[in-house]
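A.B. asks: Residue numbers (the working numbering), protein chains in the order written: chain A, 82 to 306; chain B, 82 to 306; chain C, 82 to 306; chain D, 82 to 306.
Keep in mind the hints are simulated off the structure, nothing from the lab.
By construction, the Cβ of each residue, glycine as well, lies at the ideal position given by its N, Cα and C atoms.
Treat the hints loosely; a few may be bogus.
[To be verified] Think about it this way: if two alpha-carbon atoms lie no more than 27 Å apart in a straight line, the pair counts; the simulated DSS-like pairs of lysine-lysine are:
(1) K165(C) / K223(D)
(2) K133(C) / K227(C)
(3) K294(B) / K223(D)
[What the hints assert, rightly or not] Some chain A residues flagged as far from chain C (calculated, every beta-carbon gap over 10 Å):
(4) K99
(5) E115
(6) E131
(7) I132
(8) K133
(9) P134
(10) C140
(11) D205
(12) N282
(13) D284
(14) L297
4 protein chains.
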Amino acid sequence: MLEGLKIEVYKANQELAKQGLVTLRWGNISARDERTGYIVIKPSRRACVEIKPDDLIVCDMEGKIIEGLHAPSSDLFTHLEIYKAFADVKSVAHTHSKWATVFAQAGKSIPNLGTTHADYFKYDIPVTRTMRPEEIARDYEKNTGKIIAEAFTLKNPLATPAVLVKNHGPFMWGASIMDTVDNAVALEYVAEMAFYTLRLNTDAEMNKYLIDKHTLRKMGGKNGQ
Amino acid sequence: MLEGLKIEVYKANQELAKQGLVTLRWGNISARDERTGYIVIKPSRRACVEIKPDDLIVCDMEGKIIEGLHAPSSDLFTHLEIYKAFADVKSVAHTHSKWATVFAQAGKSIPNLGTTHADYFKYDIPVTRTMRPEEIARDYEKNTGKIIAEAFTLKNPLATPAVLVKNHGPFMWGASIMDTVDNAVALEYVAEMAFYTLRLNTDAEMNKYLIDKHTLRKMGGKNGQ
Amino acid sequence: MLEGLKIEVYKANQELAKQGLVTLRWGNISARDERTGYIVIKPSRRACVEIKPDDLIVCDMEGKIIEGLHAPSSDLFTHLEIYKAFADVKSVAHTHSKWATVFAQAGKSIPNLGTTHADYFKYDIPVTRTMRPEEIARDYEKNTGKIIAEAFTLKNPLATPAVLVKNHGPFMWGASIMDTVDNAVALEYVAEMAFYTLRLNTDAEMNKYLIDKHTLRKMGGKNGQ
Amino acid sequence: MLEGLKIEVYKANQELAKQGLVTLRWGNISARDERTGYIVIKPSRRACVEIKPDDLIVCDMEGKIIEGLHAPSSDLFTHLEIYKAFADVKSVAHTHSKWATVFAQAGKSIPNLGTTHADYFKYDIPVTRTMRPEEIARDYEKNTGKIIAEAFTLKNPLATPAVLVKNHGPFMWGASIMDTVDNAVALEYVAEMAFYTLRLNTDAEMNKYLIDKHTLRKMGGKNGQ
Numbered sequence: 082m083l084e085g086l087k088i089e090v091y092k093a094n095q096e097l098a099k100q101g102l103v104t105l106r107w108g109n110i111s112a113r114d115e116r117t118g119y120i121v122i123k124p125s126r127r128a129c130v131e132i133k134p135d136d137l138i139v140c141d142m143e144g145k146i147i148e149g150l151h152a153p154s155s156d157l158f159t160h161l162e163i164y165k166a167f168a169d170v171k172s173v174a175h176t177h178s179k180w181a182t183v184f185a186q187a188g189k190s191i192p193n194l195g196t197t198h199a200d201y202f203k204y205d206i207p208v209t210r211t212m213r214p215e216e217i218a219r220d221y222e223k224n225t226g227k228i229i230a231e232a233f234t235l236k237n238p239l240a241t242p243a244v245l246v247k248n249h250g251p252f253m254w255g256a257s258i259m260d261t262v263d264n265a266v267a268l269e270y271v272a273e274m275a276f277y278t279l280r281l282n283t284d285a286e287m288n289k290y291l292i293d294k295h296t297l298r299k300m301g302g303k304n305g306q
Numbered sequence: 082m083l084e085g086l087k088i089e090v091y092k093a094n095q096e097l098a099k100q101g102l103v104t105l106r107w108g109n110i111s112a113r114d115e116r117t118g119y120i121v122i123k124p125s126r127r128a129c130v131e132i133k134p135d136d137l138i139v140c141d142m143e144g145k146i147i148e149g150l151h152a153p154s155s156d157l158f159t160h161l162e163i164y165k166a167f168a169d170v171k172s173v174a175h176t177h178s179k180w181a182t183v184f185a186q187a188g189k190s191i192p193n194l195g196t197t198h199a200d201y202f203k204y205d206i207p208v209t210r211t212m213r214p215e216e217i218a219r220d221y222e223k224n225t226g227k228i229i230a231e232a233f234t235l236k237n238p239l240a241t242p243a244v245l246v247k248n249h250g251p252f253m254w255g256a257s258i259m260d261t262v263d264n265a266v267a268l269e270y271v272a273e274m275a276f277y278t279l280r281l282n283t284d285a286e287m288n289k290y291l292i293d294k295h296t297l298r299k300m301g302g303k304n305g306q
Numbered sequence: 082m083l084e085g086l087k088i089e090v091y092k093a094n095q096e097l098a099k100q101g102l103v104t105l106r107w108g109n110i111s112a113r114d115e116r117t118g119y120i121v122i123k124p125s126r127r128a129c130v131e132i133k134p135d136d137l138i139v140c141d142m143e144g145k146i147i148e149g150l151h152a153p154s155s156d157l158f159t160h161l162e163i164y165k166a167f168a169d170v171k172s173v174a175h176t177h178s179k180w181a182t183v184f185a186q187a188g189k190s191i192p193n194l195g196t197t198h199a200d201y202f203k204y205d206i207p208v209t210r211t212m213r214p215e216e217i218a219r220d221y222e223k224n225t226g227k228i229i230a231e232a233f234t235l236k237n238p239l240a241t242p243a244v245l246v247k248n249h250g251p252f253m254w255g256a257s258i259m260d261t262v263d264n265a266v267a268l269e270y271v272a273e274m275a276f277y278t279l280r281l282n283t284d285a286e287m288n289k290y291l292i293d294k295h296t297l298r299k300m301g302g303k304n305g306q
Numbered sequence: 082m083l084e085g086l087k088i089e090v091y092k093a094n095q096e097l098a099k100q101g102l103v104t105l106r107w108g109n110i111s112a113r114d115e116r117t118g119y120i121v122i123k124p125s126r127r128a129c130v131e132i133k134p135d136d137l138i139v140c141d142m143e144g145k146i147i148e149g150l151h152a153p154s155s156d157l158f159t160h161l162e163i164y165k166a167f168a169d170v171k172s173v174a175h176t177h178s179k180w181a182t183v184f185a186q187a188g189k190s191i192p193n194l195g196t197t198h199a200d201y202f203k204y205d206i207p208v209t210r211t212m213r214p215e216e217i218a219r220d221y222e223k224n225t226g227k228i229i230a231e232a233f234t235l236k237n238p239l240a241t242p243a244v245l246v247k248n249h250g251p252f253m254w255g256a257s258i259m260d261t262v263d264n265a266v267a268l269e270y271v272a273e274m275a276f277y278t279l280r281l282n283t284d285a286e287m288n289k290y291l292i293d294k295h296t297l298r299k300m301g302g303k304n305g306q
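Bound-form chain A, shown alone (with noise of 0.2 Å):
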């Protein structure tokens, strides 16, 4: 079933290998079928490039196998929350991608500070907040799902597709499967920049105009140069 999906999610999964934003069995991606709600999302310690489309999982969204031979990535739990959270989403992706993790690690959120940014994630990427014992203890892939719902209260998931969570790694999401792994590669880019931008300048900051204006022409299509 959903062979499709499959195709466009192996394809995700082959190019964040490919853009050199997944090492090892570090990563996967997932997305969410319109008609039946369902999730295809990889198979657990399997590396991006070794799966084919017939290895991924089919589940529900209590994370219930509908379809499948192996397990599903442990991170499902994580994936399904980000869905519950933000209705609009259709793909979702968890990397270790370097500079994105630095942030991660460090507890950091990276700045809006250029252009590259502004077309693709409004605000900073916000970073969670520290797990509580409890909350590792148990459920621990679903409640990181549910910090990372909590850092966008009262904010557009869309507008700011990514988040960082501490000591661990980046999650993105999209609107597409493509959108989806597009924001990953650009959020591993502008944090590596944001990092050397800061060590340059200190002080650096965003011109604010640029924001609105690199985020409109966003919503007129994708980035058009």
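For this one, chain A is given, so just place chains B, C and D on it according to the hints.
C.D. replies: The following block gives chains B, C and D in isolation, referenced to the frame of chain A:
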């Protein structure tokens, strides 16, 4: 029309990607036809590696489409202002290459600290001034070109064929398409080296006599190593 | 003899190179045969990518050559000391991978700052003590192995399967050849991230509860993303 | 003439490019023929990856072209001075490899901080003195070679076969073409590691006994890992 020039622009777009200067759809290169004065530029919303020669757009210096099935790059009007201001320029490129963009985001010019810089750029690579709200609200891309021209008032744009647009990224140009690609490669390289050189020695500075020597060598042709 | 193990060691050498962990001839990986107790190791003065399975050397735990046409890696006696000290280790690798070597040269351990680290290494990656002149003058490679074992006194070497030899570089090990390669990849990755995390936030620290959680998840198998 | 040597020099140029040490046309390698004393060098204004064996130039020690259809690299006279000053050197290379050039631009020598450095270079990699205006104005390339020789007064150039020309970039040499390429690779690698090692620990220093040990191991052949 202009089939030969289209093939050259097509190859230059491929080369920008191959040199690691463009990510996703962030980059473009155009060229001016000497006879007609027309500009050949990449279509909007397409990656440099995806386009074919026939996808390229031909337009006049006012931005009127002469030939082409797609919308031109949204940066077209920035390119046109550069061609208008710098008469000897035959090609213009724009990227978000990482290190040049870091300097642009920091609002810092790239200092000339070695012969690699001097072989391509006589002076520091300047950064444009902050854009005013009204320049962003209306004719944003055209005004981006105007503040680039402003940064070269009383300077020879071919002696230092690159600029950093503040909070955005670099534009490069040249007396030929091939020179423009080389300048894009050299810019990114010297930006990275300047960053680290100043971390290693905050007092680092260029031997002024070497600048003159290498500028003169360049006038006699390309870097001859 | 041990043809199957030789093919595995051959592939692991290729994988170290493919993962960008070895430059020129700086690196090697060995494995212990469970039945005979013999070690299969790379010949000396050869790049990981050049060797074929038949080039590999078989020797006993005292370093006596059992089979092989070439001299074994000069690091053989370090490998042997590690096998002697750590009974459950089935494979040992050595590289000069860049970031792990930077920490080794600085004489600093790599702190556990995130789940990427915790998924592979429970504790900080330790650095060995300074070698004494007489340890260097005689039986240098063997003594290198001895100070590695010293760094794990009262510690489980499979809980944190890597070490930094001061002023030299990292050694990694594992309960299988594949684990050892993964540990080499993960070590380099977490070293780089730790470096930048501390630049971004000198007070960065790991959530202790996450360490336990991820260590336990790992015990249940490989990282399941 | 010297067809065998030309093929070796051709391959070495390819290898410099493959190892990521040359960008655009910034780099060259030459070799000295033992019998005739002639030098084989890359033509000017060509990329290392473009040239074929027949494109190489043969010249004598005064720079007179013996065979060749193109102008030799503009760095020829620097190479010749190095061959004249260092009698045992059989090959010379020049690159603008990133990290070595960063140290050259900063005017800082590369300190010996680990065994990777000691396996190739006994001492710190020296940086040349500032060139005087008259040395730049006339016979610039020849004078570059002279200040390189000056930096090795009373030192064995094969014990530390590389130098940083201030505000310019590195030159490397060796007792064979293959050694010279290896030295170029090792130089860039140790330059990068030295930079980061000192950021991690400003007091980092090498164990002097390890320098002697690794220098001696090297005398017995190539690094034997």
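A.B. asks: Take the hints in turn and mark each one as holding or not.
C.D. replies: Outcome of the hint check:
1. K165(C) / K223(D): 58 Å, violated
2. K133(C) / K227(C): 30 Å, violated
3. K294(B) / K223(D): 14 Å, holds
4. K99: 15 Å, holds
5. E115: 25 Å, holds
6. E131: 13 Å, holds
7. I132: The assertion about I132(A) holds, with a minimum of 12 Å to chain C.
8. K133: 18 Å, holds
9. P134: Its Cβ never comes within 10 Å of chain C, the nearest being 19 Å, so this holds.
10. C140: C140(A) is indeed farther than 10 Å from all Cβ atoms of chain C, at 15 Å.
11. D205: At roughly 14 Å from the nearest Cβ of chain C, D205(A) sits farther out than 10 Å, so the non-interface label holds.
12. N282: 15 Å, holds
13. D284: 17 Å, holds
14. L297: 31 Å, holds
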